[in-house]
Amino acid sequence: MPSPASDEDATTLSSQEQHASFWIRFSTRVGDAFSGADPRVCIAFWLFGLINNVLYVILLSAAVDLVGPDVPKGVVLLADVVPSFATKLIAPYFIHLVPYWMRTVIFVFLSAVGMLVVAMSPAYIDGGSIASKLAGIILASFSCGGGELSFMGLTHFYGSFSLAAWGSGTGAAGLVGAGAYALATSAMGFSVRTTLLFSACLPAIMLASFFVVLPRSPLRSAEVGADRYRVIEGGEQVEEDEMEDGNSGEDEGLLGSSRGASDVHKPVHINEGGNWQDQVRLNLRRVGRLFIPFMVPMLLVYIAEYVINQGVAPTLLFPLEQSPFKHFRSFYPTYSAIYQIGVFISRSSTPFFRIHNLYLPSLLQVVNLVVLSLHAIFDFIPSVWLVFIIIFWEGLLGGVVYVNTFAEISDRVPQEDREFSLGATTVSDSAGICIAGFLSMWWEVWLCNWQVGHGRDYCRQRT
1 MPSPASDEDA TTLSSQEQHA SFWIRFSTRV GDAFSGADPR VCIAFWLFGL
51 INNVLYVILL SAAVDLVGPD VPKGVVLLAD VVPSFATKLI APYFIHLVPY
101 WMRTVIFVFL SAVGMLVVAM SPAYIDGGSI ASKLAGIILA SFSCGGGELS
151 FMGLTHFYGS FSLAAWGSGT GAAGLVGAGA YALATSAMGF SVRTTLLFSA
201 CLPAIMLASF FVVLPRSPLR SAEVGADRYR VIEGGEQVEE DEMEDGNSGE
251 DEGLLGSSRG ASDVHKPVHI NEGGNWQDQV RLNLRRVGRL FIPFMVPMLL
301 VYIAEYVINQ GVAPTLLFPL EQSPFKHFRS FYPTYSAIYQ IGVFISRSST
351 PFFRIHNLYL PSLLQVVNLV VLSLHAIFDF IPSVWLVFII IFWEGLLGGV
401 VYVNTFAEIS DRVPQEDREF SLGATTVSDS AGICIAGFLS MWWEVWLCNW
451 QVGHGRDYCR QRT
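Under UniProt numbering, think of the first position of the sequence shown as 1, with each following residue one higher.
Since the hints were derived computationally from the structure, they do not count as laboratory data.
Beta carbons are placed, not taken as given, at the ideal position from N, Cα and C, and that holds for glycine.
Careful: at least some of the hints might be erroneous.
As the list claims (entries may be wrong) - Each computed SDA-like pair below joins lysine to any residue, with the alpha-carbon atoms no more than 20 angstroms apart:
| hint | residue 1 | residue 2 |
| --- | --- | --- |
| 1 | Lys326 | Asp65 |
| 2 | Lys326 | Asp457 |
| 3 | Lys326 | Trp385 |
| 4 | Lys326 | Met120 |
| 5 | Lys326 | Val213 |
| 6 | Lys326 | Phe190 |
As the list claims (entries may be wrong) - Derived DEER-like restraints, expressed as beta-carbon distance ranges:
| hint | residue 1 | residue 2 | range |
| --- | --- | --- | --- |
| 7 | Met120 | Met188 | 18 to 24 angstroms |
| 8 | Glu321 | Leu363 | 45 to 51 angstroms |
| 9 | Ala123 | Ala187 | 46 to 52 angstroms |
| 10 | His327 | Arg193 | 15 to 21 angstroms |
| 11 | Trp450 | Leu183 | 28 to 34 angstroms |
| 12 | Phe353 | Phe291 | 37 to 43 angstroms |
When you get a sec, could you build the whole thing from the sequences and use the hints?
This is how it looks when you write it as structure tokens:
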């Protein structure tokens, strides 16, 4: 008869074997997911996504400190996104005339100067005007919009893993931007000006990523191949070899194997072979095909989540003795950091998890907006920790729609339309944020006035 000790040893051994088997399967799956990835491409695009978006997040996290409690935070949101929206709306039709290296230099210059202007402007508590701050934010916004449009199009030339790395980098930008700002100003005691001055140095990383880290051969091969394209009557864009033999390339999915640019990734813009009217008509038809399946769900999710972030979150306040904070101003950057954790996780998920129904998470985001707005009015959520969970869930939903929208484009849009489609669809998030900015300016003021009228004046506190 076996002893109890031997039974316990057998159970422990079985448990250890199960754990070892799990980690072996997990590591094998991770290795398979990233099989064929070029580390330099992944690092470069991850840094592109991180640096291009991190200043945008820092500025939104600093909204309360930049304009004070008496100015709707939607003002900062609009200054941070309207120029970006305008850039994404107009630039796809001519930006291909500017080389990628020159675009990168311009974006770095605009973002660094913009952050310096914001940092050096007098604080509102010292009587400083918000006009100069908004001017700096606008410069950074032009850079962010042009950068997203350009680097998203650039993924077309570097294979499927560049898109996954870009998405993960943009998610990390939210986490790094919101987390670092909250840590620097709340935990470490740095001033807002010092924090913003440091952030003005970050765009230099983008230069190193493009000129040092990123392999340039796929882009050079694509540029050489551009002369082989022309627009035929009716606006169709065809490779000259295809006119002769009728062969066409095959589509590839997001996680397909990485291949050389000369095999798959070809530029889609015309040169001297066609006039600009043909190209505009062709691009407008492309946008029409993108609108319902890709643009609308992204527009919807961004409207909902940014009304939450800028219009509702500033009013989601609890008595300090019932919270982990010492100051009311700590709620907002903490919400931002938690939201960005969710965004980072979901934007990094495409190598392991994909969704194809983009409307479901968008509608769930609308539910989040309704629930949090009702709480701001009726105060029925008993603990700030439950709000933290909802904000985290909000970030997951927003990130999963963003990255899976572009993954679906990579899978479903014809290869010859893909570079333009990836860039043009970025206008949806900026359009949603613009709409949310206008809505949130009114909604935050209304919610705050309601709370004050019902005996909760936390939203008017300055500390």
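Going down the list of hints, with the structure as the test:
The hinted pair formed by Lys326 and Asp65 meets the criterion: a straight-line CA distance of about 16 angstroms does not exceed 20 angstroms. About 16 angstroms separates the Cα atoms of Lys326 and Asp457, which keeps this hinted pair within 20 angstroms; it holds. For the suggested pair Lys326 and Trp385, the alpha carbons sit about 16 angstroms apart, so the restraint of at most 20 angstroms is met. For the suggested pair Lys326 and Met120, the alpha carbons sit about 28 angstroms apart, so the restraint of at most 20 angstroms is broken.
Taking the CA atoms of Lys326 and Val213, the gap is near 43 angstroms; set against the 20 angstroms cutoff, the hint is violated. In summary, the hint linking Lys326 to Phe190 is supported, as the alpha carbons are separated by about 17 angstroms, within the 20 angstroms threshold. Our hint of 18 to 24 angstroms for Met120 and Met188 holds, since their Cβ atoms are close to 21 angstroms apart. The given range of 45 to 51 angstroms is broken by Glu321 and Leu363, whose C-beta atoms sit roughly 37 angstroms from each other.
Range check, Ala123 to Ala187: about 20 angstroms between beta-carbon atoms, so the 46 to 52 angstroms window is missed. Roughly 19 angstroms separates the CB atoms of His327 and Arg193, a value that falls within the hinted 15 to 21 angstroms. Separated by about 32 angstroms at the C-beta atoms, Trp450 and Leu183 satisfy the suggested range of 28 to 34 angstroms. Take Phe353 and Phe291: their Cβ atoms lie about 26 angstroms apart, and the range 37 to 43 angstroms is violated.
Violated hints for the displayed structure, listed by number in ascending order: 4, 5, 8, 9, 12.
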